[in-house]
Amino acid sequence: MADAALYASADRLFARKRLISFGLPALVLVYLVYVFFAFDIPGLAERARMDNARALVSDAYSYKTHVTQDNRSGALTVAIEGERKGTYAPGTEPDWVTPDAAGTRVDLGEGHVVVFDPAGGFTYDVPGFGPIVAHMDGRTVTSNLPEALPDWISASRTRLQVQTEAGRVSLTRNKTELFRYFPGWELFFFTLDSPYHGHGLGEILLGDRLDASRSNIAGAWHDFWQNNMWRHADVAWALFETILMAFLGTFGAAIVALPLAFLSAKNFAPLVALRFGVRRVFDFLRGVDGLIWTIVLSRAFGPGPLTGSLAILLTDTGTFGKLFSEALENVDGKQIEGVSSTGARPLQSYRFGVIPQITPVLISQLFYYLESNTRSATIIGAITGGGIGLLLTQAMITQKDWEEVSYYIVLVVLMVMAMDSLSGWLRRKLISGS
Amino acid sequence: MTHADPTFDTRAHYMALMARKRLYGGLVLAVFVALMASGFMLADERNAGGFWRGLPHVFDFPADVIADTAPKLDQLPGHLVTYFPALVETVNIAAVSTLIGAVLAMALSLLSTRGLARWPRLIPLFRRSMDIMRAVPEIVIALVLIFILGGGPVPAMIAIAFHTAGALGKLFSEVNENADLKPVEGLQSVGATWFQRMWLGVVPQVSPNYFSYALLRFEINIRASAILGFVGAGGIGYELKNAMSWGQGKFDEAAAIFILLFATIVVFDQLSSHIRNAMIAKKGSH
Chain A
224 MADAALYASA DRLFARKRLI SFGLPALVLV YLVYVFFAFD IPGLAERARM DNARALVSDA
284 YSYKTHVTQD NRSGALTVAI EGERKGTYAP GTEPDWVTPD AAGTRVDLGE GHVVVFDPAG
344 GFTYDVPGFG PIVAHMDGRT VTSNLPEALP DWISASRTRL QVQTEAGRVS LTRNKTELFR
404 YFPGWELFFF TLDSPYHGHG LGEILLGDRL DASRSNIAGA WHDFWQNNMW RHADVAWALF
464 ETILMAFLGT FGAAIVALPL AFLSAKNFAP LVALRFGVRR VFDFLRGVDG LIWTIVLSRA
524 FGPGPLTGSL AILLTDTGTF GKLFSEALEN VDGKQIEGVS STGARPLQSY RFGVIPQITP
584 VLISQLFYYL ESNTRSATII GAITGGGIGL LLTQAMITQK DWEEVSYYIV LVVLMVMAMD
644 SLSGWLRRKL ISGS
Chain B
209 MTHADPTFDT RAHYMALMAR KRLYGGLVLA VFVALMASGF MLADERNAGG FWRGLPHVFD
269 FPADVIADTA PKLDQLPGHL VTYFPALVET VNIAAVSTLI GAVLAMALSL LSTRGLARWP
329 RLIPLFRRSM DIMRAVPEIV IALVLIFILG GGPVPAMIAI AFHTAGALGK LFSEVNENAD
389 LKPVEGLQSV GATWFQRMWL GVVPQVSPNY FSYALLRFEI NIRASAILGF VGAGGIGYEL
449 KNAMSWGQGK FDEAAAIFIL LFATIVVFDQ LSSHIRNAMI AKKGSH
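Chains A and B, in that order, are what the protein sequence lines are. Each step along the first sequence adds one to the number in our numbering, with nothing skipped, and position 181 is 404. Each step along the second sequence adds one to the number in our numbering, with nothing skipped, and position 198 is 406.
By construction, these hints were calculated from the structure, which means they are not laboratory data. It is possible that some hints are incorrect.
For each label pair, taking beta carbons as the anchor points, the in silico distance ranges come out as [claimed, not checked]:
{"#": "1", "chain 1": "B", "residue 1": "A238", "chain 2": "A", "residue 2": "R454", "range": "50 to 60 Å"}
{"#": "2", "chain 1": "A", "residue 1": "T621", "chain 2": "B", "residue 2": "L235", "range": "14 to 24 Å"}
{"#": "3", "chain 1": "A", "residue 1": "R362", "chain 2": "B", "residue 2": "V289", "range": "22 to 32 Å"}
{"#": "4", "chain 1": "A", "residue 1": "D434", "chain 2": "B", "residue 2": "G233", "range": "49 to 59 Å"}
{"#": "5", "chain 1": "B", "residue 1": "Q456", "chain 2": "A", "residue 2": "T363", "range": "31 to 41 Å"}
{"#": "6", "chain 1": "B", "residue 1": "A238", "chain 2": "A", "residue 2": "H420", "range": "44 to 54 Å"}
{"#": "7", "chain 1": "A", "residue 1": "S281", "chain 2": "B", "residue 2": "V474", "range": "28 to 38 Å"}
{"#": "8", "chain 1": "B", "residue 1": "F403", "chain 2": "A", "residue 2": "I264", "range": "19 to 29 Å"}
{"#": "9", "chain 1": "A", "residue 1": "Q449", "chain 2": "B", "residue 2": "F403", "range": "51 to 61 Å"}
{"#": "10", "chain 1": "B", "residue 1": "R329", "chain 2": "A", "residue 2": "H455", "range": "55 to 65 Å"}
{"#": "11", "chain 1": "B", "residue 1": "V241", "chain 2": "A", "residue 2": "T621", "range": "18 to 28 Å"}
{"#": "12", "chain 1": "A", "residue 1": "R307", "chain 2": "B", "residue 2": "V474", "range": "24 to 34 Å"}
{"#": "13", "chain 1": "A", "residue 1": "G430", "chain 2": "B", "residue 2": "N450", "range": "57 to 67 Å"}
{"#": "14", "chain 1": "B", "residue 1": "A238", "chain 2": "A", "residue 2": "P569", "range": "45 to 55 Å"}
Computed list of lysine-lysine pairs in DSBU-like fashion (alpha-carbon distance at most 35 Å, straight line) [said to hold, decoys possible]:
{"#": "15", "chain 1": "A", "residue 1": "K240", "chain 2": "B", "residue 2": "K490"}
{"#": "16", "chain 1": "B", "residue 1": "K390", "chain 2": "A", "residue 2": "K545"}
{"#": "17", "chain 1": "B", "residue 1": "K378", "chain 2": "A", "residue 2": "K489"}
{"#": "18", "chain 1": "B", "residue 1": "K458", "chain 2": "A", "residue 2": "K652"}
{"#": "19", "chain 1": "A", "residue 1": "K240", "chain 2": "B", "residue 2": "K378"}
Owing to the predicted nature of the structure, the values given are computational and were not obtained by experimental measurement. No residue lacks a Cβ here, since even glycine has one placed at the ideal position from N, Cα and C.
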């Protein structure tokens, strides 16, 4: 009889286990199917802009140099990324561009040669295909191309574009334009107007003075730091601002939360009503969340690092208040008694009986949040306008400076990892050390 | 040993030690206070509006919101209903990304725990990749993906899941290190594959801890998904941004969204801490 009961209970246990081990995954699967349709994932393929993805990826590791001929005046400009800041001064064009009043010759490498027609047009000798000759005839493009075009050439009545693996040439009434792609980030160290552009590190450190008026190292550092395309000085400042927001927010919150935590800990707060009130304040601060605090505060203080710091400070006051009061409720009463028995006043018994007990918990939480808040500060900066978050969103909005976006992403990741190791090191040092 | 020396003055030595300790403590405190003060001054200077100028206006915006909402209080339930689907989307983003992130974290953590890893030589690789995943703020991936995939919940979901995988992976691998290896050895002796050893030998031991960490992460992810909505991914954050852009006099819809967001965060906070406490209590009773 006893055996039968035992078997029955074992069977029940197995049935339950089976239900959990099959039911739970089934439930998750049903939920995922629901989300699959709720998020319209089947329609995603249509909405996805793969050309954007390609532009982003290719821009992140390469740059293009524009060679543009104004078809009316015949003027030629050679500019990196087509930007004014990256324009070559006349006479200093790179060696693959040979300006000539009778027809500028551009060598795209691997046998691809383009010769501009000063009146508007070009001759492009594509290896394996033959020369493409095109010129403007009033408003329309005329060329030697057949009716049926390969897919790398697109032509309309007023515009012709040839895209090969070596570059891209386009012709319209106003201009003949050519892009040549190069790997790497353009002008990362020096812009074209700097005398140090095109010189290696060894040459700058050990070679002769490139600029007679200043020493190489000082001059090179100045030109690098003030590089107006990559703005290294501004980026460094933005990173500092983000870390500043995290630092002020985290430690400010700790300073505010610690005394309040005493008021909300069961074993220290004298009044139940006060304890209840302070706890609700903590819950409110946490519940409102950084997003809403950021919006509210940026209305009062305007965009900038102070707003971000205060938003972090307010949210984390709630979090720290809760954590610290839990730590305070777990302190050992014996130490406090011991200190009081020597005739210490209440404040002294807190200082020597309580604080040493909660310091390790406090410090480890603080540094954990410091690292996590560095990430939050990036996000808050993007919303309220401060720090590296702002630079990141600004670079994204232009939708063409993806090399800058990737640069900032790398910097953000390195910054967070550095803060992670720094806070880990400080935590170990402060808790176990001296 | 100096203690045996009769001329050694214990008291003086102790006092000197304390004085030095107090000096160091005081110095650290002074540096800290100076850093905080100068930091706040610097932040204040770089801000568009100053602290003291803005302080009286802190409650202006909440007051505006209340003033806009009060006369239209009867419409508030309607707004709450209107924005409820957006709220569901935000919670869904958080839930799915926690789920996907946790599964990825499980795999990554098992692959990067010494004694359990499938390829012990690749442990540093998996650890590094978790560090990088953890370091990437969600907003970075979300913004890039919004550019490619367009606005909507999917970019936010992927972004949060990626970060969650790194964050949970680290916590999970700490849990794995405390797992008992005997079941794994037992399974190995009967010829179980690596997946079977992990699934039947390790996961049952660590799943309560996994679950508790994942729940905590879910709370965090609800907040993250609301914020990502604000920069263009879908959900309640996106609606909030729209409601804010209509400007003064029309903040009643923003008020409804604030209420929904606040209520959701509080409810899920309470719910998850309740479940976690119940789990700890259950474990204690065994």
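Quiz item: Given the hinted pair K240(A) and K490(B), is their alpha-carbon gap at most 35 Å?
Solution: It holds: about 17 Å lies between the C-alpha atoms, which stays within 35 Å.
Quiz item: Using the C-beta atoms of V241(B) and T621(A), is the stated range 18 to 28 Å upheld?
Solution: The hint (18 to 28 Å, Cβ to Cβ) is violated, given that V241(B) and T621(A) are roughly 42 Å apart.
Practice problem: Mind checking the hinted window 50 to 60 Å against the Cβ distance between A238(B) and R454(A)? | Solution: Because 35 Å falls outside the window, the suggested range is violated.
Quiz item: Cβ-Cβ distance between R362(A) and V289(B): within 22 to 32 Å?
Solution: 58 Å, violated
Quiz item: Do the beta carbons of T621(A) and L235(B) sit within 14 to 24 Å of each other?
Solution: 47 Å, violated
Exercise. Go ahead and decide if the range 24 to 34 Å is satisfied by the Cβ distance of R307(A) to V474(B).
Key: 53 Å, violated
Quiz prompt | Straight-line alpha-carbon gap K458(B) to K652(A), limit 35 Å | solution = 53 Å, violated
Self-check item: Agreement of K378(B) and K489(A) with the hint, judged by alpha carbon distance not exceeding 35 Å
Solution: 33 Å, holds
Quiz item: Holds or violated: K390(B) with K545(A), Cα cutoff 35 Å?
Solution: This hinted pair is violated, its Cα atoms lying about 39 Å apart.
Quiz item: When you take the CB atoms of R329(B) and H455(A), is the distance between them in 55 to 65 Å?
Solution: Check failed, 38 Å falls outside 55 to 65 Å.
Quiz item: Between A238(B) and H420(A), does the beta-carbon spacing fit 44 to 54 Å?
Solution: Between A238(B) and H420(A), where Cβ atoms are some 47 Å apart, the hint holds.
Self-check item: Whether the CB-CB distance between S281(A) and V474(B) falls inside 28 to 38 Å
Solution: Given a distance of about 46 Å, which is not inside 28 to 38 Å, the answer is violated.
Consistency with the previously given hints fails for numbers 1, 2, 3, 5, 7, 10, 11, 12, 14, 16 and 18, ordered from lowest to highest.
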